[in-house]
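Each of the two chains sits in its own frame; use the hints to bring them together as a complex.
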Amino acid sequence: MKTLLPPEFKIIRDEAKCIKCQVCVRQCGFEVHTYDEEEDVVLSNNAKCVACSRCVKFCPTSALNVIKNPLSYRENTNWRQEVIHDIIKQAETGGVILTGMGNDKPYPIYWDHLVLNASQVTNPPIDPLREPMELRTYLGSKPDQLVIKGKHVKTKIPPQVPIETPILFSAMSYGSISLNAQLALARAASEFGTLWNTGEGGLHKELYKYGSTTIVQVASGRFGVHPDYLYAARVLEIKIGQGAKPGIGGHLPGEKVSSPVSRTRMIPKGTDALSPAPHHDIYSIEDLAQLVYALKEATNYQKPVCVKIAAVHNSAAIASGIARAGADIIALDGLRGGTGAAPKIIRDNVGIPIELAIASVDTRLRQEGIRNRVSLIAAGGFRSSADVIKAIALGADAVYIATAALVAMGCHLCQKCYTGICNWGIATQDPYLSKRLNPDLATQRLINLLRGWSLEIKEMLGGMGINAIESLRGNRLHLRAVGLTQAEMDVLGVRQAGA
Amino acid sequence: MNRVFKLNNPYNDDKVISACSIFGMIDQSGRCFSGECVTTAIANMQVRSNGLGGGFAVYGLYPEHADHYAFHIMFLDKKAQEETANFLTENFLLTHAEKIPTRKTAGIVDPPIIWRYFLKVNSKPRIELEGLSEDDYVVAKVMEINTKIDGAFVFSSGKNMGVFKGVGYPEDISHYFRLDEYKGYLWTAHGRFPTNTQGWWGGAHPFSILDWTVVHNGEISSYGINQRYLEMFGYRCTMQTDTEVMAYAVDLLMRKHGLPIEIVADIFAAPLWSELEHMEKTEKDLRIKLRQIYSSLLINGPFTVIIAHQGEMIGLTDRIRLRPLTAGVKGDMLYLSSEEAAIRLICPDLEKAWIPRGGEPIVGRLYQKEKKELSHRKKERG
Ligand code: SF4
Ligand code: SF4
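Keeping their order, the protein sequence lines are chains A and B. Numbering of the first sequence is given in this note's numbering, commencing with residue 1 and proceeding in unit increments. Numbering of the second sequence is given in this note's numbering, commencing with residue 1001 and proceeding in unit increments.
I should point out that these hints are in silico values taken from the structure, not numbers from a laboratory. Predicted, not measured: the structure shown is a model, and the values here were computed from it. Here a beta-carbon is modelled for each residue, glycine too, at the ideal position from N, C-alpha and C. Any given hint could turn out to be false.
Said to hold, decoys possible - Taking lysine to any residue pairs in the SDA-like style, the calculated list, with each CA pair at most 20 Å apart, reads:
#, chain 1, residue 1, chain 2, residue 2
1, B, K1289, A, P158
2, B, K1289, A, Q160
3, B, K1281, A, P162
What the hints assert, rightly or not - Estimated spans, in silico, between C-beta atoms of each pair:
#, chain 1, residue 1, chain 2, residue 2, range
4, B, H1278, A, D287, 42 to 50 Å
5, B, A1341, A, E131, 22 to 30 Å
6, B, A1341, A, I109, 42 to 50 Å
7, A, R383, B, Q1046, 48 to 56 Å
8, B, E1277, A, K205, 32 to 40 Å
9, A, M266, B, R1236, 25 to 33 Å
10, A, H152, B, T1040, 43 to 51 Å
11, A, E131, B, E1082, 53 to 61 Å
12, A, R383, B, E1134, 53 to 61 Å
13, B, T1238, A, D104, 19 to 27 Å
14, B, T1089, A, L116, 24 to 32 Å
For reference, chain B alone in the conformation it holds in the complex (with noise of 0.2 Å):
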C-alpha cells in the first residue's frame, strides 16, 4: 500500500471531511489569461478555508505540449522519484522532464519534491489489441503509479492542463508555483477546510483523472453507495473523499457511457419525482429512466461543484441546493464561484449575476467547442 493514502486519511475515518470555496472561470472565445484574477477571487473567500489546502486547474496550459499528456506527480523522497521515472520511462515515450518552478513563500512548508512529464503513449497497437483506448491505458497507469510505487502521487494527468496545488491557502499556493506567469482560457481554484488537522498536498482539491478535474464544497452522504456502485465498474476509490468519487463518476458517465453533461447533472441532481409529473412526456420518460437505471449515482447530501475538462467548466449544486453557487456573466466570461462578492471584486461591471437552482447545470463553453458539437448531433440525427 503506498503511504500517500495513510497521509491522506491517518485515522482512518469513513471518508475524509471538508469545507471549502470554489471559484472558476472560463473566456468562451478561448483567450487565455494569467491566473492573477482567480487568486484574487478565491483569496477574498479566505474565511471559508482554513489554510490546509489550496489549488488550481489551468486549461490551455502547454499549448508547445499540446498533444501530450502533461503529468506532474508529488514524491515524498528522491528514491520514490527514481522508481517513477523509471516506471515512465518503460510505459510511455518521455518527451520532456522537469522541476515545476516555484517561489519561497511564507505560508508553505515542508513541499514535496514536484515534477511535471510530458508523455505520448508510444505502444498504440498493442493497446488496440487490448481493447484500450490511450485514454483507458493512462488511466491505468496512473492507477497503477498511485497503489503500487510508495511515495509517488500523480496528482495531474491531462493534456494541455494542468493541476496545482498543495498545503495552505490557495493564494499562498498560487504564489508558491507562480501561477502569475501561466496563461489559460479556463481556470478553476479551490480553498479547502478539512476537519482533519494533519494536511497533505495529495488530499488538496482539484482531483483530476486524465483532463478531467473536479473541485468540491460539499459533504456527500450518499458516499457509501457511490464508491460501492463505481467499485462495480473498476475505480478504486483510494483516497476517500467525496471529490475522488465525483471525478470518476463523471469519468465513468462523459468519457465512457458518452452522456453530456446536461444529462449527467440529471442523474447526480435527479429531479424529485413531484417534479417529473410536470414535465412532457419525451422529458418525463428520459428522467424516469435515467433515475431507474443510475440511482445510485444520485448524489445525496450537500455539494457544489465545479468540474472542467477541455473547453468546458460546468457548475452544479445538489438538488436541493444545500451549498452555495453563484453564477456571472460578462461578454464572453462566464464565472461560478462560492460567493458573488469574490466575482464582482475581479469584476465589478458584470452584465449579470444570478443563483441557479439546485440541480441545474450551468455550463461555460468554448465557442469553438459548441459549433463542434452541434455539428455532431446534427450529424447524429440525419
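In isolation and in its complexed conformation, chain A is listed as follows (with noise of 0.2 Å):
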C-alpha cells in the first residue's frame, strides 16, 4: 500500500559546507543519509528520519539541521496534523500506535504554576556557601515514636536506606536500553550515594557489584527474579503500574531480546517479553501484602519493600491501602512518566499529573495518621531541581528520574525507544548502536546532574531559612500557587501568591 504519510522532519544540508566525509551516513541508524559515489553526493530520506538530532550534532563542518516538515493543512483545532496523520497510520496498518517516552500533550504543568518562598528579614536566609546544607534522607518505614533506655534505643526500627540526595534513578530495564547505559546509571548512583532501579529486566551479572545502590524490580512478568537478585539488592520494588501505561502490561519485542538479555531475564533468546497487564497473584490488596512479605521473608527483613504505582484517580485510597498492606516505600508515577514502548492512546489520555497525585496521597496519609510508616517517592517528568524540591514541599521524600537521566547520557527525546533502534545507544541491544554510549562519560555525565541539580537545591533551601531537606518536606507554606483555580489549589493544599 502506497502510504500516505508525509515525512515529519525535513533535512536541510548545506551543500556550501559538506565535506562528504559520510558522518551522517554511518551515524543514522535509520538509514536516511546514503552517499552516491558516482555523483559524489550525500542524499536523504526525509521519511526515515526522526529528529533525533544525532547527524546535526556530529557533522564536523556544521553542514547539517533537521526541521519540522512545514508542510501545511487548512488549519483545524479539532483536527491536528497530529490526528489525521495517526488515523492514516492505522488505516494503512490496522494497529495500535507504539509510541516511546513520556505524554507530550499540554496538560497543565502544575509546577510551573507554584513558586517559592524565600526569607526576607524576620528569619535570615542561609548561605550554602558558607553554612551546611543537608540533603541526606532515609528511606523506609518509621515508627511513630521510640523508646530509649539510656542511650539506647529499644524500638525496632525496619531498615533504612539513606541517600544523600532526595533524587533517585528510576525503573529502566536491560533490554530496553543497552547495558552500557545501565552501567553508567548504577555507578552514577554508587559514586554519588543514592539509587537506580533495574526495572523488569533482571540484572546483568556484571552489576551485582553494585547492588548496594540498587533497587531490584518484581513486576509481572518476574523477569530475571530469583534469590540471588533480591539478596544483591538494596531495596525491592514491586511494580504494580507505570505513569506512562496505567493499567496495561509490557512488551519487549523478541529482537531486543538477544542472547545477555535473554541470560538476563531467564527467557529463551528472540522471543518477546511479554509482562501481563495485573500480577497473576496480586488480584486485590491482601494478595498484595501476601507478596509484600513473601519478599520481605525471603530476605529476612533487611530490605525496604517498595510498592510502585502509576498515579490514578483514586491514588490516596490505593497508597492508604498499600501501607497498611505492610509496605516501607510507595512510588508514585505520574501522568507524565516515560516509557520504552507503550501505546500512545494509553501513554497520553490515562492516569494525573504527579503534582495532584502526590499532594492527595501525602494529605491522605496524614488524615489517618500513618504517614510515617511509608516513605513516598514521587516519579513522572521532572525536569529540573525546580521541581523536584516543589514535589519535596508538597509531601514526597524522594524523587525518581528517568527521562532527565537519559537526556544527560545523550537522549534527545525522538520516541522512537520501541523501534530497537536509539542512535544515541541508549535505547538498543544493537551492538553497533549501544557502543556509542561511552559509559565513563556518561556516568560523569550523570554524575554533574546530579551535583548540579544538589547545589540548586541547596541554594533554594537556604534561601528559605532551612539548612535540612527534612525540614521542607510536606512543608507545603513555602509554596503558593499562580495561576489555579480554587479547586486545584485545594487539591494541592497550597494558598495563593499574595495571600
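Laid out in C-alpha cells, this is it:
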C-alpha cells in the first residue's frame, strides 16, 4: 500500500559546507543518509528521519540541520495534523500506535504554577557556600515513637536506606536500554550516594557489584527474579503500574531479546517478553500484602519493600491500602512518566499529573495518621531541581528521574525507543549502536547532573532559611500558587500567591 | 470558631511572626523569690520588644493549692465567662475561683476579664476507663474551651504554677498583675515584637499547656511540617505561632513519649550529619535513629527558646545559633537571657557567664528533682 504519510521532518544540508565525509551516513541508524559514489553526493530520505539530532551534532562542518516539515493542512483545532496522521497510520496498518518516552500533550504542568518562598528580614536566609546544608534522606518505614533507655534505642526500626540527595534513578530495564546505559546509572548512583533501579529486566551479572545501591524490581512477568537477585539488592520494588501506561503490561519485542538479555531475563532468546497487565497473584490488596511479606521473608526483613503504582484517580485510597499492606515505600508515577514502549493512546490519556497525586496521597496518609509508616517517592517527568524541590514541599520524600537522566546521557527525546534503534546508544541492544554510549563519559554526565541539581536545591533551601531537606518535606507553606483555580489549590493544599 | 483566633491572626497569615527578648532564672535549691528581679532584667531589653506583648511564667506559685490544676482564663465578655464557669463545674471539681488582682497601669489599655480557677479532676474512674491520664483529660478540656467557647481562652493550666501575660511592655504587665507580690523558685519572661500591628492578649508569651511553658524568640522555617506532623498526633495548632508548635512538640516528646530533655534537644536541634562522624558508636547510632524517626520535628530556622515545667528550666537555640542566648550562674541560681547585660544588671557578681553552642541544651533543675531522677534511672538500669 502506498503510504499517505508525509515526512515529519526535513533535512537541510548546506552543500557549500558538506565535505562528503559520510559521518551522517554512518551515524544514522534509520538509514536516512546515503552516499552516491557516482555523483559524489550525500542524499537524505526525509521520510525516515525521527529528529534525533545525532547527525546534526556529529557533522564536523555543521552542514546539517533538521527542521519540522513545514507542510500545511487547512487549520483545524479539532483535526490537528497529528490526529490526521495517526488515523492515516492506523488505516494503513490496522494496529495500535506505539510510542516511546512520556506524555507530550499540553496538560497543565502544575510545577510551573507553583512558586517558592524565600526569607526576608524576619528570618535570615542561609548561604550554602558558607553554612552546612543537608540533603540526606532515609527511605523506609518509621515507627511513630522511639523508646529509649539511657543511650539505647529499644524500638525495633525497620530497615532505613540513606540517599545523599533526594533524587534516584527510576526503573529502566536491561532490554529496554543498553547495558552501557545501565552501567552508567549504577556507577553514578554508587558514586553519588543514591540508588538506581533495574526495572523489570533482571540484573546483569556484571552489575551485581553495584547491588548496595540497586533497587531491583519484581514485576508481573517476574523476569530475572531469583534469590540472588533479591539478596544483591538494597531495596525491593514491586511494580504494579507505570505512569506512561497505567493498567497495561509491558512488551519487549523479540528483536531486542539478545542472548545476554535472554540470560538476564531468564527467557528464550528472540522471544517476545510480555509482562501481563496485572500480577496474576495480585487481584486485591490482601494479595499484595502476601507478596510484600513473601519478599520480606525471603530477605530476612533486611530490605525495604517499595510498591510502585501509576498515579490514577483513587491513588490516595490505594496508597493508604499499600501502607497498611506492609510496604515501606510507595512510588507514585505520574501522567508524564516515560517508557520504552507504550500504546500512544494510553500514554497520552490515562493517569493523573504527579503534582496532584503527591498532594492527595500525602494528605490522606496524614489524615489517617500513617504517613510515618511509608516513604513516598514521586516520579513522572521531573525536569529540573525546581520540580524536585516543589515535589518535596508538597510531601514527597524523594524523586525518581529517568527521562532527565537519559537526556543527560545523550537522549534527544525522539520517542523511538520502542524500535530498538537508538542513535544515541541508549534504547538499543544493537552492539553497533550501543557501543556509542561510552559508560565513563555517561557516568560523568549523570554525576554532573545530580551535582548541579543538588547544588541548586541547596541554594533554594538556604533561601528559605532551611538547612536540612526534611524541614521542607511536606512543608507546603513554602509554596504558593499562581494562576490556579480554588479547586486545584485545595487539592494541592497551597494558598494563592500574595494571600 | 472561637473569635479569639481571628484576633490572634487577623490577616490570616501562614502564622504570626514576631521577634523578642527572653529571660529565665531558677533557684535550684528551691528557694522562692519575687518577680522584681525578673521584671528589671526583661525591662532592660526593651528595644527587643515593641509594647505589643509581654508575659511571665512562675513555678512554685500556689503552694496552698499545689494539688489543683490552676486555670488562668481570659474572657472577651461576661457571657463567655458564664459559659466557661458552667463548663468547669460540669467537668471538674471547682474548689476556688477569683478575679486575678491587678493594678491600674499607664501602659495597659483595654484588658480582658481575667480570672483564675482551682480545679480537681473528679471523674477519675471514667477517665481511666477511656485509657486517659488526668493530664490527657485536662488537655482535652482546655482544647475544648479554647475552640468551642466563643470569647474564652485558657492560657495557663498547670499545677502550682501560672502564666501572666498581655499586651504591653513586660514591665507594665508585671506591674499590672502585681508580680512583685508573688513568689516562685523559677521565673521566665518574654517581651514581644510582633510584625502585626494588632496585639492580642492571648497571643503574648509564655505559651503553655499543663505545666509546660515556652518563651521563644525566632521564626521557624520548618513550621509547616512541624505543624502537620503534630496534627497526626491529634494536636490542633489553632494559634498559628511557632511557640505553640514548640509547646506541643515538647508535650508529645517529653510527656507522651517520655524522652528526657537532652534527647529532645537532639531532635529539635539535631547535630549535623558531619558532626556525627566524630562521635563514638553508641552516641552516633542514637543520633542517627533520632533523626531518622523524628526528622519532621527538627526545628529549622532561627530560634532561642526557654522551656520550663515543674522543677526544670531548659534553654536551647537552633543548631547554627541564629538567635542569641547567654547563660549565667551564681550559687544555686541559673540565668538564661537574650542579652548578658540583663543578667549582669540583676546579678553584678556572676560567677560565670557563657554563650552556649548552637543546639546545646542548658538545663537548670531543682536539686531535689535531680536526685529523684538519678535514682529512677539507676532503678531502670538495675
Ligand atoms: S534520524 Fe537522527 S541521525 Fe538520522 S537523519 Fe534524522 S536526525 Fe539525523
Ligand atoms: S532513548 Fe534513544 S530512542 Fe529513546 S527517545 Fe532517547 S534518543 Fe530517542
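Could you tell me which of the hints above the structure violates, numbers in ascending order? Those not satisfied are hints 6, 9, 13 and 14.
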